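If you want the building blocks of each chain, they are given just below.
Number of protein chains: 2
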Amino acid sequence: MIRMQDIADKLGISKGTVSKALNGTANISEELQKKILETAVEMGYTKKLRRQKDEEQKLCILIDNTEYKAPHQFGYDIILGFRQLAEPAGYTVDVIQVNDKLQKSITYDAFMIQNNYKGSFVIGFSLSTPWMKDFYSSRIPAVLYDNYIPANPSVAYVGIDNTEGMALAVSHLKELGHKNIGYLSAALGSYIMQVRHKSFFQALRQTGLNADYTRARNAYLITECVERHLPKLLDMGVTAIICSHDQLAHAAICQCQQLGYHIPEELSIIGFDDLPFCAYTSPPMTTVRQNRIQIGKSAYCALESLLNHVSIGTLLLHAQLIVRESTSTVKTKHPT
Amino acid sequence: MIRMQDIADKLGISKGTVSKALNGTANISEELQKKILETAVEMGYTKKLRRQKDEEQKLCILIDNTEYKAPHQFGYDIILGFRQLAEPAGYTVDVIQVNDKLQKSITYDAFMIQNNYKGSFVIGFSLSTPWMKDFYSSRIPAVLYDNYIPANPSVAYVGIDNTEGMALAVSHLKELGHKNIGYLSAALGSYIMQVRHKSFFQALRQTGLNADYTRARNAYLITECVERHLPKLLDMGVTAIICSHDQLAHAAICQCQQLGYHIPEELSIIGFDDLPFCAYTSPPMTTVRQNRIQIGKSAYCALESLLNHVSIGTLLLHAQLIVRESTSTVKTKHPT
Numbered sequence: 001m002i003r004m005q006d007i008a009d010k011l012g013i014s015k016g017t018v019s020k021a022l023n024g025t026a027n028i029s030e031e032l033q034k035k036i037l038e039t040a041v042e043m044g045y046t047k048k049l050r051r052q053k054d055e056e057q058k059l060c061i062l063i064d065n066t067e068y069k070a071p072h073q074f075g076y077d078i079i080l081g082f083r084q085l086a087e088p089a090g091y092t093v094d095v096i097q098v099n100d101k102l103q104k105s106i107t108y109d110a111f112m113i114q115n116n117y118k119g120s121f122v123i124g125f126s127l128s129t130p131w132m133k134d135f136y137s138s139r140i141p142a143v144l145y146d147n148y149i150p151a152n153p154s155v156a157y158v159g160i161d162n163t164e165g166m167a168l169a170v171s172h173l174k175e176l177g178h179k180n181i182g183y184l185s186a187a188l189g190s191y192i193m194q195v196r197h198k199s200f201f202q203a204l205r206q207t208g209l210n211a212d213y214t215r216a217r218n219a220y221l222i223t224e225c226v227e228r229h230l231p232k233l234l235d236m237g238v239t240a241i242i243c244s245h246d247q248l249a250h251a252a253i254c255q256c257q258q259l260g261y262h263i264p265e266e267l268s269i270i271g272f273d274d275l276p277f278c279a280y281t282s283p284p285m286t287t288v289r290q291n292r293i294q295i296g297k298s299a300y301c302a303l304e305s306l307l308n309h310v311s312i313g314t315l316l317l318h319a320q321l322i323v324r325e326s327t328s329t330v331k332t333k334h335p336t
Numbered sequence: 001m002i003r004m005q006d007i008a009d010k011l012g013i014s015k016g017t018v019s020k021a022l023n024g025t026a027n028i029s030e031e032l033q034k035k036i037l038e039t040a041v042e043m044g045y046t047k048k049l050r051r052q053k054d055e056e057q058k059l060c061i062l063i064d065n066t067e068y069k070a071p072h073q074f075g076y077d078i079i080l081g082f083r084q085l086a087e088p089a090g091y092t093v094d095v096i097q098v099n100d101k102l103q104k105s106i107t108y109d110a111f112m113i114q115n116n117y118k119g120s121f122v123i124g125f126s127l128s129t130p131w132m133k134d135f136y137s138s139r140i141p142a143v144l145y146d147n148y149i150p151a152n153p154s155v156a157y158v159g160i161d162n163t164e165g166m167a168l169a170v171s172h173l174k175e176l177g178h179k180n181i182g183y184l185s186a187a188l189g190s191y192i193m194q195v196r197h198k199s200f201f202q203a204l205r206q207t208g209l210n211a212d213y214t215r216a217r218n219a220y221l222i223t224e225c226v227e228r229h230l231p232k233l234l235d236m237g238v239t240a241i242i243c244s245h246d247q248l249a250h251a252a253i254c255q256c257q258q259l260g261y262h263i264p265e266e267l268s269i270i271g272f273d274d275l276p277f278c279a280y281t282s283p284p285m286t287t288v289r290q291n292r293i294q295i296g297k298s299a300y301c302a303l304e305s306l307l308n309h310v311s312i313g314t315l316l317l318h319a320q321l322i323v324r325e326s327t328s329t330v331k332t333k334h335p336t
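Those protein sequence lines, which keep their order, are chains V and P. FYI, the numbering for the first sequence is 1 to 336, going by the numbering used here. FYI, the numbering for the second sequence is 1 to 336, going by the numbering used here.
It is worth saying that the hints were derived from the structure and are not from the lab. Certain hints may be false.
Chain copies aren't distinguished; within one or between two, either way the pair holds.
No farther apart than 35 Å at their CA atoms in a straight line, the calculated lysine-lysine pairs in the DSBU-like style are these [claimed, not checked]: (1) Lys-133 x Lys-179; (2) Lys-179 x Lys-232; (3) Lys-198 x Lys-133; (4) Lys-198 x Lys-179; (5) Lys-174 x Lys-133; (6) Lys-34 x Lys-118; (7) Lys-104 x Lys-174; (8) Lys-118 x Lys-58; (9) Lys-198 x Lys-174; (10) Lys-15 x Lys-104; (11) Lys-10 x Lys-58; (12) Lys-35 x Lys-10; (13) Lys-20 x Lys-35; (14) Lys-333 x Lys-232.
Since we're looking at a predicted model, the values are computed, not measured.
Taking the hints into account, I'd like the entire structure generated from these sequences.
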């Protein structure tokens with residue numbers, strides 16, 4: 001195991017200076033601190049468990065692109081579930097919003113060592129978030145919500161089984177008699193949007209439905225989705241649309257109603273996530289639930305396993321279809 | 001929640017008789033006991049947690065088709081890993097060999113209720129094992145090693161990430177310069193053999209190698225694999241063969257050597273599982289490791305989550321390629 005003295009020897013400085021840098025003490029230059037941290041990471045330094053026994057045991061939740069401060073926001077319950085298991089187990093949990101600027105100024109491992117975090121739970125990173133590339137070789141345990149990194153024994157992926165969720169949504173529509181189903185999605189710049197997109201076609205094929213590629217459309221902006229792509233799906237004569245997330249499904253419901261469609265009599269719409277508002281849309285929305293408390297709890301289980309050298313790679317929760325009133329059999333055909 | 005009295009009322013018998021049947025007391029007829037158990041399962045009866053607090057907390061490991069009694073056997077470490085977490089947590093763990101006869105005589109749920117087991121860890125079931133169909137609707141938590149059941153919140157799948165393992169094996173061979181790779185497999189009657197078979201082609205496509213379907217061959221018997229299918233792969237000019245499990249890889253090494261091939265100079269061979277003997281074959285075998293202690297530990301984590309109503313569906317460990325001496329660059333071509 002690499003000791004502080006080894007880092008000091010390599011850089012030709014004192015062990016005391018190395019200690020200051022690794023513990024984030026302020027009285028050394030920022031430049032020197034960065035150099036020491038980078039060397040520590042390069043040499044594979046990780047803080048000794050023995051040493052940490054006398055210290056506070058700290059974990060962090062690194063969050064980006066996700067609202068979490070109020071109970072109705074997506075990240076709130078995920079964080080709550082994590083804390084519900086982590087805090088009784090004796091951990092302090094810090095929630096840290098990490099922007100691109102911070103991530104470009106320091107590597108993931110260096111950040112974790114400097115702040116004395118034993119492991120992290122990472123929420124809301126897109127494929128282009130800077131630290132995503134660090135996770136391919138990082139050594140400090142990280143559990144990523146909805147992101148998968150192959151072959152690094154220190155990194156796990158947790159989430160719901162989106163393939164199962166999509167299969168439940170498509171089967172539900174097929175049982176209601178729908179044969180012509182469309183898919184409307186956010187841009188495919190995140191891992192999970194790619195998974196849902198692929199799962200949509202897989203589910204169509206498995207149920208024997210037409211899986212022509214033109215029936216899935218995506219755009220970065222919700223407005224572009226509903227103004228540009230939704231009409232094209234309607235022109236194709238779809239009787240049901242699955243949306244990649246609830247906000248988009250809600251926008252699609254509103255847009256279709258403005259175009260004169262009756263939901264669900266003329267068109268069924270299904271969302272993804274089951275955000276709290278879904279029970280209160282008009283009509284209340286059928287959607288695939290991500291149980292966010294359970295996601296948080298299972299993230300803690302995965303992180304605890306990684307900390308104990310059980311290298312979990314993937315942990316998926318069962319998906320659950322919540323059937324409300326935005327789906328039904330095709331009762332009348334919209335006069336196009 | 002269904003009470004014993006409800007079951008008694010439905011059958012028109014006393015609550016005492018129901019209690020006897022559910023607790024496996026001997027002094028009622030076998031026929032009546034079966035009827036009571038089946039009715040209990042049908043009505044969704046599960047023993048109350050409150051009641052069990054005063055009792056022994058029992059879990060079981062249900063095992064079939066797998067040797068486990070000696071340290072070198074496949075199931076030994078899996079069971080050990082499970083016990084290493086379950087027993088300190090206060091559970092008694094029974095290991096039960098379950099044959100088809102037992103499984104056809106009683107349903108899974110009825111067996112669990114009758115024997116007072118709170119949950120099970122299931123090892124070695126093929127797709128045709130009788131209780132496999134019970135798991136689609138069972139209510140008593142079950143964690144299945146290497147078997148996946150969709151959409152039942154009481155059932156989880158644990159194992160290593162075979163897709164990742166196969167990708168590591170194919171990448172390793174590609175880096176060594178192999179372009180013409182074959183796959184030899186046990187029969188596809190188990191879930192995991194289907195996953196590995198599919199992953200082989202996926203890995204070939206992802207690395208840009210020829211993924212012609214004739215390069216994967218399977219048979220029920222190892223002898224049939226090596227006597228009938230192996231020569232066909234050699235005729236196709238493969239320079240490397242991946243095998244679905246270590247025993248098959250070892251048989252393939254021996255057969256090739258008898259046919260005059262030098263391993264690895266003329267032909268590379270990779271196994272799957274990393275059984276203890278792999279370090280001692282001639283040459284020592286490159287293989288994809290299933291860390292069996294970790295599988296057992298993660299199975300316990302998954303079962304504990306299910307018991308706490310966190311419905312884990314899939315939990316996969318990172319695969320690890322163990323490079324030994326049965327793989328190398330193609331140094332000389334075998335004179336065919």
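Hints, verified against the model:
no., hint, in the structure
1, Lys-133 x Lys-179, "between (41 Å within a copy, 29 Å between copies)"
2, Lys-179 x Lys-232, "within (17 Å within a copy, 44 Å between copies)"
3, Lys-198 x Lys-133, "both (23 Å within a copy, 28 Å between copies)"
4, Lys-198 x Lys-179, "both (19 Å within a copy, 28 Å between copies)"
5, Lys-174 x Lys-133, "between (40 Å within a copy, 23 Å between copies)"
6, Lys-34 x Lys-118, "within (20 Å within a copy, 52 Å between copies)"
7, Lys-104 x Lys-174, "between (47 Å within a copy, 34 Å between copies)"
8, Lys-118 x Lys-58, "both (6 Å within a copy, 34 Å between copies)"
9, Lys-198 x Lys-174, "both (18 Å within a copy, 27 Å between copies)"
10, Lys-15 x Lys-104, "within (27 Å within a copy, 68 Å between copies)"
11, Lys-10 x Lys-58, "within (29 Å within a copy, 55 Å between copies)"
12, Lys-35 x Lys-10, "within (11 Å within a copy, 75 Å between copies)"
13, Lys-20 x Lys-35, "within (12 Å within a copy, 72 Å between copies)"
14, Lys-333 x Lys-232, "within (17 Å within a copy, 58 Å between copies)"
Violation of the numbered hints given earlier is absent; every hint is satisfied by the structure.
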